[in-house]
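Take the two lone chains and join them into the complex the hints point to.
Next come the chains, spelled out residue by residue.
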Amino acid sequence: MSYRSVNLVVFAGIVALCLAIIYAMQSMRAPMEGDIGAWFVPSAVAWLIIGLCVVGVIRTLAVGRTETFVIPAFGRVLISILIIALFLVSWVYLGAFYLQMFVFLMVLSLIYRRPVGIDARQIIITTAVSAAITLFSYIVFAHLIYVDL
Amino acid sequence: MDILASFELASIGSALFAIGLGLFVGMLCGALPGLGLIIAVTLLLPLSYTMGPVESILLLLACYQGAEYGGSISAIVLGIPGTAMAAPLVTDGFAMAKTESPGKALGFSLYGSTFGGIFGGIVLIFFAEPVARFALKLADPEFFLLGVVGLLAVAAFGAVDFIKAMISVALGLLCGMVGIDLFSGVPRMTMGVLALYDGMNIAAVAVGLFAFSEIFVMISAPMNSSHTFTKGDMRIRLTLKEMVYAFKAMVTGSVVGSFIGALPGVGSTVSGYLAYSGAKAASSKPEKFGKGSGEGIAAPDAANNATVGAALLPFLALGIPGSASIAIIAGAFIIHGIQPGPQLMRNNPDMIQAIFIGFMATTVVMFFMGKALTTVFARALVTPNAFLVPAILISSIIGVYSSRGQMFDLWLALGLGIITYVMRRLDYSPAGFLIAMVLAPIIETSFRRALVISQGDYSIFITRGYSQAIAAIILATLAYAIFRSVRRLRQQRAATSES
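Just so you know, the protein sequences line up as chains F and L, in that order.
Sequential numbering from 1361 applies to the first sequence in the numbering used here.
Sequential numbering from 7 applies to the second sequence in the numbering used here.
Here chain L stands alone, though its shape is the one from the complex (with noise of 0.2 Å):
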């Protein structure tokens, strides 16, 4: 009766609408070298607006879906993975596309991520609910705690530099702070801009900080210089033997990224390659490895398409997003007035039910349109950047406008896009500053209301149990940060006095 249920609120036809134009964005940007995963999100989030909140978190998932697996056909088609998650796929992929036939590489890819994805969402399925359920038992401190966290951690793990990407996650939080005060109902750095009363548009950040500034790194480099690849039998498909041979290396990937997905900040290049890495030991022709394996392509892909699923468990069951993607995400959650958590599982199970159902037949979709449209994509693919830019420019300004309709929000992005193509060369983080934007609302809010409960005793923070382990393990996040800030600055120190 609950998925009948669900499956009336989804409105069947809209919700297959917005998988299927989710995945065609998604593998379009995923398999173009340069644009990419975060860029093809940002592009969709605007579209939420016009939406319902089902249907629009469905379109992002879709899109994060289809770009994990079009990220692969770059990689394998010309050996320039499409997104970083598809470099550990690169080597071999690419070997097989010139030795056998680019389809049959195409082939383990797909029905990688196709078992990666399914994977993924019975981890979602089963684990989301029992997540939520203990997160019920946490109060303000502890979601306080976990929001900290979770920006730590992209901080530590996520980021090339600790302290400038500590600074980005601070600054994200600022940001996230402007607008009218939720306690007092007093507007707080809004410099009178009436815009801002409501915080800075979402979809107007991501799209500066992701697509204009990505927009502008792709008019710094040539941008007449087109891919050509040679034709070959392009047929995507794998015999049942192919199948049985590549199972263990899916499964061993399915594993790896839903583990690794379900950690804040480390994401799913991290999870590729040691899913590339687990798959070889566990072969039986490890000597493969590198020169054309079935099983090399099909384990980082599944690892991959495991992570979306996986990412998506903090997310949904804490409210913590863990990655710039899923932070994107939450913005269609925002825009629908939407706050993700264990409230959201208890309050509204049919629509997350709907979620559920509407992953599942993202990922049996994303399969048969993966045989059908792959080599439509691979086309694409010599498309010379002075084409892409125009269009990426335009469809960036459409989207942005069309979520609020306000002019401030263009000039908002377009400033942010600067700034970032800026910052992005000095080693900040975009990404960071993101995620604290989104999570700077339930951070600060449970600081307050946690002061409130405690009459203004800091020792709230640390006097529960579970807030004393939740502690811990930022204190622990703090030492790792610090050991790997000083010894790069020890690394740095020995390479500039030996230059």
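Isolated chain F, as found in the complex (with noise of 0.2 Å):
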């Protein structure tokens, strides 16, 4: 996909929102003494973002960079994304955060330190590394500022 291609799909994806926000506002429209209503000024800047996405295409058609859009290491963002979602399901269902926490860090390490090789060294140094952040938040969170987690 270029970037013309992304750029447009972008800018049909704000203006859907802002279709679905003027939409919206229709509902609010009850008049009140004295006062333009809570629908104005969302509408308003929901309108003036339309256009500004209508000058936004213009100019993409025209002079619109046609080179290939690339997410470097997409791969890779796309398995943190994941896994960081995988985290939040599994503290909301299973609780234990900070041992969550542990295996979460160590995971994302051992993904990332995979181009350098993971041997019994690299184990052992993420595992220490994981386990300090763990300790140093526990111990901040839990005794210093008490966040309930």
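Derived from the structure by calculation, the hints contain no laboratory data.
Careful: at least some of the hints might be erroneous.
To be verified - Quick list of simulated restraints, FRET-style, between CB atoms: (1) L/Q498 - F/L1504: 47 to 55 Å; (2) L/G191 - F/I1499: 20 to 28 Å; (3) F/I1505 - L/D204: 18 to 26 Å.
On a predicted model such as this, the values are computed, not experimentally measured, just so you know.
Glycine included, C-beta positions come from ideal geometry on N, C-alpha and C.
And the structure:
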């Protein structure tokens, strides 16, 4: 996909969002004594965004970049996002935050260290670093500033 | 008596703890290339919920000051600026580190930063009250127009693409209006989510926009390359002769930084370069610039730290944040239900004085912490991103959750982080988004209140003298932005036709 296409898709998405907001604001058009109403400013801003998107689309079609839109190391970014999401879900359902945090840190560090090779030394270093961060967080958040995690 | 009262309010111990923590995190994040000022402030913002108002504001201000100096550490030791603001001193800093010693170059940097910080603080203290007193003469139409000036300036001066920056700003305005409408009490754009009734959590939004998106950028790059540096003489000290030699450059940098810092949307990167040029023009040894000049290090560093105090000026006196970092600091005010602006200066002078005193203390503590801990921060530079990224991720997650204890905020931050990661690659402006989100309540409330007062007559925005002056600034900024956009478009078309 080229930069130009991605730009057009993003403009379309933003316009769709703004149209949804304008539609939702229509239900709030009940008149209020002396005030223009809660719907007015969001609707006006949404119309402004649509106008700016139209200018953006025209400009993109005229001089948009044609080179391919690439996300470097896309697989690693995607895996990281999935692991973060999985961590949040399992934290909600299983609890035991600090234990899960330790596992989360270890898994991520090992994935990121994979290009340099995973051997016993690497695992020991990763375990030590993850344990140190977990212990530090436990002391700070559980005993110094009392955050209930 | 007032000063003593301020000390009581701030509670010296907790204030000093906040300053120390803020400086430590700021210097560390500033020193690590790829992290920098905004991430440092973002990571600390959620802690504001657990602190008193003065302590939390000092924490973030100290972090801001520390990151400005921290960026210079990697610029001097590695030749890679830790923050964009440190870029102007790379040439001279790195050259001096090689030809003389890293400690000497860091000395010019630290003395310059301290001088600039104190200068910026003095500017803030002396000008905040007159500006606020003047601002008390302004009414709702002017505050609405001032908010518009702030947003336009951020889009016009601080972004690559004006149209996309304006879209970012407008989207930020919409997000700032999510929640219960203050006039009618009706929930808006909440999609029935209870967690959005109080509006979007500023800490979650800041972490999503800056921390998560930056983490994804770091993940996209090689993660196991670690920097190495030659351990030269790291003792940070300057002789009296060297201090006198750099004094003129520090003054030049501080004056430039104080002026530029007060302008919304311009930022310390510009002030650093201008200070460097100014110091070179005023120097008796301009030929040394670029080859390891102490003046070439001290001037941009003084400018960087002078911008901190100056950037606070329009924010504290008018309530208008001019940069993303100040918008995040505004988050601490919002968290504690404090509205910055002339009313705060008038109604809460104790708090303002405590902030001023704390700000000056921050600069002094930064000097001693810089002397003692710069070597530690320099050693942290060898940590590969493979270990840094998980640590920053978990700090962000804990930070967002600890702010309100709601899982929704974490999903919001993650979602915004993913979207921002893509949008940044397309030249949208997360800074513009956040500033607009912070300004949205001021802009909307002033706009609607002005119309209530004028009974729906829109001419209220251009009939008063002050309004007309601000409207003229808006038109000039808009004209400049359009001119710049058209010029850029022409350049792009020329490049396309050539290729």
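Taking the hints in turn, this is what the structure says about them:
no.	hint	in the structure
1	L/Q498 - F/L1504: 47 to 55 Å	53 Å, holds
2	L/G191 - F/I1499: 20 to 28 Å	44 Å, violated
3	F/I1505 - L/D204: 18 to 26 Å	22 Å, holds
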